[in-house]
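Enquirer: Sequences listed follow chains A and B, in order.
In this text, residue positions in the first sequence follow my numbering: the first is 809, and each later residue adds one.
In this text, residue positions in the second sequence follow my numbering: the first is 809, and each later residue adds one.
Keep in mind that the hints were calculated from the coordinates and are not lab data.
Treat the hints with care, as some may be off.
Because identical chains share one entry, a pair is satisfied inside a single copy or across any pair of copies.
Computed list of lysine-lysine pairs in DSBU-like fashion (alpha-carbon distance at most 35 angstroms, straight line) [said to hold, decoys possible]: (1) 939 x 1178; (2) 1100 x 1178; (3) 987 x 1199; (4) 1213 x 939; (5) 1169 x 975; (6) 975 x 987; (7) 975 x 1199.
These figures come from a predicted structure and were not determined experimentally.
Residue strings, one per chain:
2 protein chains.
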Amino acid sequence: MKIRQITGARCTLCGHVTEATPDITVCPECGGILDIEYDYDYIRSKLTKYELMDRTESTMWRYMEFLPVEGIGRTPRLRVGNSPLYSAGRLAEAIGLTGPMWIKDDGQNPTASLKDRASAMAVVKAEEAGKHIIACSSTGNAASSLAGNAAAAGMRTFIFVPSRAPKGKVAQLQMFGAKVILVDGSYEDTFRLSAEAIDHFGWYNRNAAINPYLMEGKKTVSLEIAEQLHFKVPDYVAVSVGDGCTIAGVWKGFKDLYAAGFISRLPRLISVQASGCCPINAAAYIHTMDWKPQEENTLADSIAVGVPRNPVKALKAIEESEGVIVNVSDEEILAAMRLLGRTQGIFAEPAGATGTAGLKKALEEGLIEKSASVVSIVTGNGLKDVANAIKATGEPVLLPPDMGKLLEALSKH
Amino acid sequence: MKIRQITGARCTLCGHVTEATPDITVCPECGGILDIEYDYDYIRSKLTKYELMDRTESTMWRYMEFLPVEGIGRTPRLRVGNSPLYSAGRLAEAIGLTGPMWIKDDGQNPTASLKDRASAMAVVKAEEAGKHIIACSSTGNAASSLAGNAAAAGMRTFIFVPSRAPKGKVAQLQMFGAKVILVDGSYEDTFRLSAEAIDHFGWYNRNAAINPYLMEGKKTVSLEIAEQLHFKVPDYVAVSVGDGCTIAGVWKGFKDLYAAGFISRLPRLISVQASGCCPINAAAYIHTMDWKPQEENTLADSIAVGVPRNPVKALKAIEESEGVIVNVSDEEILAAMRLLGRTQGIFAEPAGATGTAGLKKALEEGLIEKSASVVSIVTGNGLKDVANAIKATGEPVLLPPDMGKLLEALSKH
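Chain A extracted, bound-state conformation:
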C-alpha cells in the first residue's frame, strides 16, 4: 500500500532513503534509525487548518493527512488522543511564571500514558504488514499501551519488561491478555532479549527506537497542543526525556505543522531528565552526538533509561529547537507531583511530573524568561506508580470513629 503523503524513510545517520513499507525497522545501509518524510505540498493541498478545526473526529486520527496511514479501517480501537490542555494559572503562580501556562495531561489516554499514541499507530501498521503478534520491550507504559491497544483490535502481544517495573504496570498489561516476559536485568538486557526474540519469531516490532512509525503517533500530542491553542505556538514546551522518542515525537509534530504552513514559528523544547539518569541531556549540554551510557538511578522509572535507544533524534530535536536542558533530582520530581495535584487536580506519575519539575527549575535558574508562554506535558498518570505517590505524600492520619479524637487531631493541625 502506497501512502500518498509519505515520500520515504530517511536514515538519521547516513541519509539513505528507503521505501516506507509497514514493517520497516532500521536503515538497511547502516542500521541507523529511520525518519518518515512527508510531501508537505500534498498535505497543504489536502487540508487547511480551518478544515481541520471543523472535523468531528476527535481522536489522534483526526490528523490523518499528517500521519503515515491512509485510514484505520473498521477494527475496534481505543479512543486515543484528544487529551485535555488545561490552563494552569495556579501552577504558574506557584512556580513564578507570569506568562500563560498550560498542562497537556496525556495521562488521560486509555491506558493512562502518552505511549498510547505510539501503540495505536503500531497496531495499525502491524495490521497493514499482515502480522498477528506484536512485541516490545518497555519499562512499562509502552508495554501496557501496546497490550491495551492490541487487545482492543484483537491482536496478540509478547512483552518484555525489566523486573524492576512497578507491579501496577505489569498487572495492567497482563489484564490485557499480554504474554509477559519479566526479565531479571536492566532495560538494556530486556531490550536485547526482545530484539532477539522478535527476530526469531518474526513478530511485529513495537520498539520505539527501531520502528519509525511510533514517533509519528507520538507527534500527535503536538498537533493537538497547537490546535488547542488555535495554532498560536507557545514559547516553550517542557517534556521529560527517557529513551528520546517522546521528545523527538513532540518536535516532529511542530516541525510538520510548520512545514505545512499551519503554524508560523516553532517552540523551544525544555528537555528534562532525572539527575540520576541523564545521558541525553549530558550530551546535549556539550553539543555532541557522542552520548555515554549512565546508570539508572531515579525513581522515575519510565525515564530511567541509561542506554537511550533514540539519542540521535532526541539530540537533533534539542539542538534544532535551541532547547533548554535541565536535570532534576528525585526530590524535585516528587515536589512537582504534589504541585500538579494541589494546584491543578492532576495526578502524574514521577516521569509525568518531570517536565514540570524541570520547568520550575529552569525558571529558578533563569534559563527561561518569567513572562514566557509554556506548555508542560504530563506523560503518564500517577495511578500507575502508587508506591512513589505514597512516597510523595506520606501516610495519612489514622483515627478511631470518634468526634472528640477528630477535634483533637485537627486542633493540632
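Following the hints, put chain B in place on chain A, whose structure we already have.
Expert: Just chain B, lined up with the frame of chain A:
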C-alpha cells in the same frame, strides 16, 4: 440564584417539596433524601436533540439545560464526562450475547471513575453556596474525585475514608492536597463521623446520599450514552450497585430524556451487586423498601456498602425500570476484569467490572434475551486497585536475559 429549569426538591419519602437552594441536604420535614425536579416543558422549549448534537462543548456541562446549574463560571475545571462508548463485539461474543453491546468506560474520567461527574457538580454547587471547604466520606472514588475536582477549582477538602481503602486511592487524594481522615472502622462508622464533623464545621457536604445534586451529575453518564447511540435506547443498561446513588443517577438520566421527549422509551436496568454485600438487591428481589444491613464481604471495595445511604432512590429505579437483579461472586468479578481487558482493552477496577460480570450471569441464567442490546457501564479504572488486578492475573514469569531460557519457557507454554 433561581435556576429556571428546576421546580424544586421533592422528598423521596414524604413527598414534601422544598426550594432547591445550593446547600440543601435532606427533607426538612422528615429527613428523607431529596430529588431535584425539572420543568421539562421549559427544557424542551430551550433545547432540541438536534441543537444538542451540534454543540461543541464536549464535557458533562454540554447538557446544561438538564442540570441544576445556570453555568459553571470561569473557574478552572477538570474535563469530566464524554467518556468513550465502545462497541464491544468481541466481549458480546465471549459472553454469548448476539445483540449489540457497548461498554461505557467511565474509568476514563480525570480521576479515573464515574464519581467525577458527581464531584464536579458538588464543586460548582459549593461555589454557589459560598463555601470554601467541601467534605465527604467515601470508600475511595468519591473521595479522590472530590479532591481532584476541588483542587482544580482552588477549593479545600476534608475527606473521611475507612481504613480498608486501597493505598492507591488514598495516595491519589492526598496528592490532590486533601486533608485525609483515615477512620479505623466500617464505611458506616466513617460516614457518621464525617456527618458530625460537617455539621460542626459548616463545610459543604458532598455525601452523595445527603446532597441531592450529586445524582444530577451522575445522570450525565446516561445523557451521554443516549446521545452516543443517537438517542436509540438499548434494551438494558448494566451497572454495579453500592450505596445506590449511581444506579439512581443512571435511571434519572434516562427518565429526564424521556420526559423531555429526547428518547421514546426507557431501558431496563441490570442491578449488579457482589454476593458478599447485596442489601439493595436483596430488598429489590422481594419488592420491598425494607432493606436490611449486611456485612461487607467482597473485594470490590467501591461497592462494599453494607448500609447503603441511598436505598430508596436505588430501589425505586430498579422497580420502575422493571430491573433485572443479579449478584456475582468475587471470582466472577475477577473473571469479568480479565474479559474486559482481553477482549476490549479496558482495564476496570473490581466494582467497575461488576456490571459486566452481572450481565454475563444474567445471560447464563436466562434472565435476559441473548438478542438484547446492552450497555454495560465500567465505573472505575483498574489502576486504582492494583492488588486485586494482581489477584486476577497472577504473577508473570521471571526469566534471565537469555534466549535459550526464553525458548524453553515458551515451548512449555
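Enquirer: A separate judgement is required for each hint: does it hold in the structure or not?
Expert: Hint check results:
1. Taking identical chains as interchangeable, the C-alpha atoms of residue 939 and residue 1178 lie at most 35 angstroms apart only when they sit on different chains, with a minimum of 33 angstroms there against 50 angstroms within one chain.
2. With identical chains, the CA atoms of residue 1100 and residue 1178 are at most 35 angstroms apart within one copy only, with a shortest distance of 33 angstroms there and 61 angstroms across copies.
3. Taking identical chains as interchangeable, the C-alpha atoms of residue 987 and residue 1199 lie at most 35 angstroms apart whether they share a chain (31 angstroms) or sit on different chains (16 angstroms).
4. Taking the closest pair of Cα atoms, residue 1213 and residue 939 come within 35 angstroms of each other only across two copies (25 angstroms); inside a single copy the shortest separation is 63 angstroms, beyond that limit.
5. Taking the closest pair of Cα atoms, residue 1169 and residue 975 come within 35 angstroms of each other both inside a single copy (31 angstroms) and across two copies (30 angstroms).
6. Taking the shortest alpha-carbon separations for residue 975 and residue 987, both the intra-copy value of 15 angstroms and the inter-copy value of 27 angstroms come in at or below 35 angstroms.
7. In this homomeric assembly, residue 975 and residue 1199 come within 35 angstroms of each other (Cα to Cα) both inside a single copy, at 16 angstroms, and across copies, at 11 angstroms.
Comparing the model with each earlier hint shows no violations; every hint is respected.
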